[in-house]
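*Asks:* Spelled out, the chains give:
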Amino acid sequence: GAVVSQHPSRVICKSGTSVKIECRSLDFQATTMFWYRQFPKQSLMLMATSNEGSKATYEQGVEKDKFLINHASLTLSTLTVTSAHPEDSSFYICSARDRDRGIYGYTFGSGTRLTVV
Amino acid sequence: TQLLEQSPQFLSIQEGENLTVYCNSSSVFSSLQWYRQEPGEGPVLLVTVVTGGEVKKLKRLTFQFGDARKDSSLHITAAQPGDTGLYLCAGISYNTDKLIFGTGTRLQVFP
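Heads up: the sequence lines are chains U and V, in that order. If you read the first sequence in the numbering used here, its first letter stands for residue 1, the second for the next number, and so on. If you read the second sequence in the numbering used here, its first letter stands for residue 1001, the second for the next number, and so on.
Only chain V is shown next, with the shape it has when bound in the complex:
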């Protein structure tokens, strides 16, 4: 079973602070995605990273895929209350095309 561990599990910060969420696995993935989920809704795709070492930026969010394609990070600069939500990494398996989700990081940003 491929496991994707995220850390931290919970994060509560003030508006304007920076934060980093980590996603680690012992398995290699063909690509990795990051999602954000609001309560009672399906996850919404933020980014897909494909190449080892790749860095992608989406406004205040910076995503990095590890060189070995086993880990990834999400960095948010100057967090805002609107960033509050559950952040999920998800790896796509080489063999089965299954999308396996990480354990999740619940972020709360206070004004």
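So here's chain U without its partners, still in its complex pose:
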């Protein structure tokens, strides 16, 4: 089955620094990847959609300069949280879409727990 690898699983960083999270599709090509954020005891909120080779599309209220997304290849998308602050602490989850599988093509990573101290 389709597998998405997300790294790191946990990261602690100091306030003001940047953190990069990677999302890789291991056995399929993902023309589209989605990034979600989940606060404790809440649902997943879509942050942005990235398409290979083009700029990401951000949801309303998400700062594109703070959450930099790069989707340079069909198997890798990265989310960089720049100048992180404690309020950015959250669980970040990526989803990669295999277009050949249609509506069954959404596969999720295992998430990254970011703690900003």
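Hints were generated in silico from the structure; no laboratory data involved. None of these values were measured; they are calculated from a predicted model. There is no bait here: all hints are sound.
DSS-like mimics (lysine-lysine), calculated; alpha carbons at most 30 Å apart, straight line: (1) Lys66/U - Lys14/U; (2) Lys1056/V - Lys41/U; (3) Lys1098/V - Lys55/U; (4) Lys1098/V - Lys1056/V; (5) Lys66/U - Lys1098/V.
With the C-beta cut set under 8 Å, the calculated list includes, among others, these residues of chain U facing chain V: (6) Thr32; (7) Phe34; (8) Leu44; (9) Leu46; (10) Thr49; (11) Ile103; (12) Tyr104; (13) Tyr106; (14) Phe108; (15) Gly111.
Quick reminder that beta carbons are idealized off the backbone N, C-alpha and C, glycines included.
Since the structure of chain U is provided, determine the placement of chain V on it from the hints.
*Replies:* For chain V alone, kept in the frame of chain U given last:
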């Protein structure tokens, strides 16, 4: 913005009881999925429903997609402690292929 409201938000029941979780929206979706998520992990797909009125069964779980493709329900029969988790519905948008999650239902089943 497409919103998917789930109810109830929290559910705490005894092993053996039945329960139903609802997922409602004012928007129409091309299809709808249900996921279960454990703490610290990504969501795991349970089912995808595509046709209005469709009913799918997965062991003790029964999923239904509303006729108008705006709502869905998840019914669990004889709940077990292993069913404990966060249940999420997610709709796939016609226009953008985005997967939009519902507000979530946290289920706890006590032995």
